[in-house]
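Here is what each chain is made of, one letter per residue.
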Amino acid sequence: MATAVLSGCLIVALFWLVPGDAIDALPNGPEVRAQLQAEWGIEGGGLGRSLTVRPGAPVAELVGVALTTSLSLLLPALVLALTAGFGAAVAWPTGALGWRRGLHLVGAGASSVPVVILALATVLTVNAGTWALIERGIVDRPAWFALPVEPGAMRSALAILVLAVGSSRWSQLSAQARRLLDELDDASFMEAVRARGQKTLRTRLHHLVVPTARLASEQVPSCFAGLIVVERAFTVPGAGTLFWQACSGRDWPVAVGVALGAALLTAAARLVAETIAVVVDPRERERAA
Amino acid sequence: MSPRILLLASVAVGACLPYDALGDVRPALADQGPSAAHWLGTDHLGRDVLRRVSAGGAAFCGPGLGAAAFAALGGTLAGAAAGWNGGALASVVRTVLGAIASIPSLVLVLLCLMALGPGPVQLAFAGGLAGMPALAAALDARITSLRTSEFVLAARAHGIPPGRLLWWHLVWVNGRDIVAREALAVVGSVLVLEVTLSYLGHFGVAEPAASWGNMLAHGLSTGCPNRWSWLAPAGAVLATGWATTLGPVRR
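Here the protein sequences line up with chains H and S, keeping their order. Under numbering that gives the first Met the number 0, think of the first position of the first sequence as 0, with each following residue one higher. Under numbering that gives the first Met the number 0, think of the first position of the second sequence as 0, with each following residue one higher.
Calculated from the structure, these hints are not laboratory results. Please note that a few of the clues may not be correct.
[Unchecked claim] Quick look at which bits of chain S chain H covers, simulated, 3 or more residues with Cβ under 8 angstroms: (1) 96-109; (2) 227-238.
[What the hints assert, rightly or not] Listing some non-contacts, in silico: residues in chain S with all C-beta distances to chain H over 10 angstroms: (3) Pro119; (4) Arg155; (5) Glu206.
[As the list claims (entries may be wrong)] Chain S is faced by these chain H residues, among others (derived, beta-carbon under 7 angstroms): (6) Pro113; (7) Cys246; (8) Thr265.
Ideal Cβ placement from N, Cα and C applies to all residues, glycine included.
Construct the entire structure; sequences and hints are all you get.
Set out below in structure tokens:
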């Protein structure tokens with residue numbers, strides 16, 4: 000909670016530093032200041048109203064709609080990244096060190112490709128490949144062709160994939176998951192479970208819930224940063240697009256609203272992860288008490 | 000390959016080529032493919048692509064190294080203060096850094112650039128601020144783990160002043176690898192930020208100045224027949240990104 004409050008203060012402080020005032024730019028600004036402030040809701044509490052992106056629209060409403068659209072990309076991307084990370088960690092060869100290092104390097108190399116290049120390359124490759132197939136008469140023109148102009152499931156699926164690979168740092172995720180699994184396998188309670196002849200799957204899953212929730216919450220800020228690029232590359236009308244429009248149009252109430260939404264989303268993800276930890280793990284409960 | 004070698008090569012190539020990255024506008028030579036005179040061809044204004052890729056590399060050096068220096072300085076101070084003192088001061092430092100880290104890096108950088116205006120110095124400051132929490136947290140964890148170790152207790156028993164113990168024995172001898180690794184990661188992240196901002200427009204490097212991001216965006220948006228006009232900067236970004244991330248991973 001302290002993190003959320005502090006990050007909110009930091010964002011608002013940055014915007015106090017922004018030079019220039021939209022009302023001062025008007026020829027009769029000082030005379031109409033009170034009237035415009037009342038109309039735009041600047042001093043009326045809440046997040047105010049949009050200045051340039053959608054003039055007059057309440058910021059809270061704009062940000063709420065945009066965040067809902069963004070969450071429909073963000074959550075599947077997080078699930079995909081976690082599944083890929085844990086999948087790679089489970090399938091990781093345990094024997095040869097050379098293979099492990101090689102796989103780790105390939106994973107780190109793939110996930111270090113900037114999301115902007117990944118998004119552009121995806122759009123170009125899919126469009127060029129589909130056009131080649133259409134020209135040869137192998138396929139009819141699909142409904143989603145050409146990206147990113149036509150909205151649809153294909154556009155959303157590609158955006159989620161690019162976000163998961165480009166922004167989630169899944170090679171780090173995979174390495175952390177592998178370390179977790181190794182620690183779990185070496186733990187004394189797992190030896191006790193094996194000695195009793197019980198199946199280890201349930202115990203392993205139980206002990207993986209808390210670290211998985213924490214790993215997922217750590218990915219939220221980087222995925223949100225990736226959203227700005229991915230939504231622009233795939234023309235998705237979400238929080239990333241709204242934030243970019245607000246920054247380029249100097250619509251500071253909207254930019255503050257989206258930035259606060261992003262910070263609160265991160266804080267909420269951490270809060271959920273810590274709540275899960277307290278509920279699932281008795282040691283965490285004792286520590287919290 | 001080391002990022003130092005890449006950046007030196009970039010500057011050296013630029014110095015050897017007989018072209019100007021900004022001024023050599025020759026529309027008659029526009030959109031030409033690779034040739035003996037222009038190894039990577041020319042862009043839509045007839046400028047040499049290789050010369051502009053080299054100029055883009057040199058332009059990135061300033062903000063990248065500035066951000067790394069700023070993150071190293073601020074992160075080392077914050078991490079050392081939190082790790083060495085512990086208690087309430089550590090809680091305050093960790094909460095403030097946690098608040099900065101909870102804002103997505105691109106959002107924080109855009110907010111800083113909106114507040115301070117676009118420019119290389121502002122980008123260095125914003126990139127350094129975004130990279131500072133990770134560096135401070137890593138150094139904090141190392142110093143916290145070493146603070147009660149035997150060699151520190153022995154040094155205290157021998158009367159070594161706390162300042163020398165912290166800055167020489169803990170930060171320099173035991174923590175410099177962390178600072179170097181995290182500062183290198185900041186260089187890589189600033190490269191990605193610069194490319195992203197230049198691609199998105201408004202806050203990045205604007206034409207006619209050369210940057211890998213604006214070359215990439217312009218080459219793709221204009222559908223330039225010479226594919227090297229966007230493949231070359233994309234390759235340069237990937238090579239530098241891999242050099243900054245794979246080196247530490249490999250070690």
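Are any of the numbered hints broken by this structure? If so, which, sorted upward?
none
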